[in-house]
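Colleague: Sequence:
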Amino acid sequence: MVEDASSTHTNPNHTTMSIGELTGSTLTEWFSKDTSGTLTLVVDGNKTTANLAGITLYPYQGNPIFSTGNTGAFANNGALTGTLVFYKQ
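If you read the sequence shown in our numbering, its first letter stands for residue 9, the second for the next number, and so on.
Do not take every clue at face value.
[To be verified] Derived DMTMM-like pairs (lysine to aspartate or glutamate); straight-line CA-CA distance at most 20 Å:
| id | residue 1 | residue 2 |
| --- | --- | --- |
| 1 | K96 | D52 |
| 2 | K41 | E11 |
| 3 | K41 | D52 |
In short, the hints are calculated from the structure, not lab data.
Whole structure, please, built from the sequences with the hints as guidance.
Modeller: So, in structure tokens, the structure goes:
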């Protein structure tokens, strides 16, 4: 995982992740950094699996448009869990 950048990554080893929620004019969001962890994709035919365990996302405080929801408990780092499965048709 790498930190979110304003330009598109062209290196396949650089993956960024973010999660956000917009409620009214409040935006709560977390982003990856260089220290977030490793995302491994396993491809098996038409099925791709991504294990999210061990990936840390960090709270973001700098959105110029919305007020931040990353206060109190939401100002802490987040830990991803679970597995994403994608199928190609």
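Colleague: Broken hints, numbered, in rising order?
Modeller: As far as the earlier hints go, only 3 is violated by this structure.
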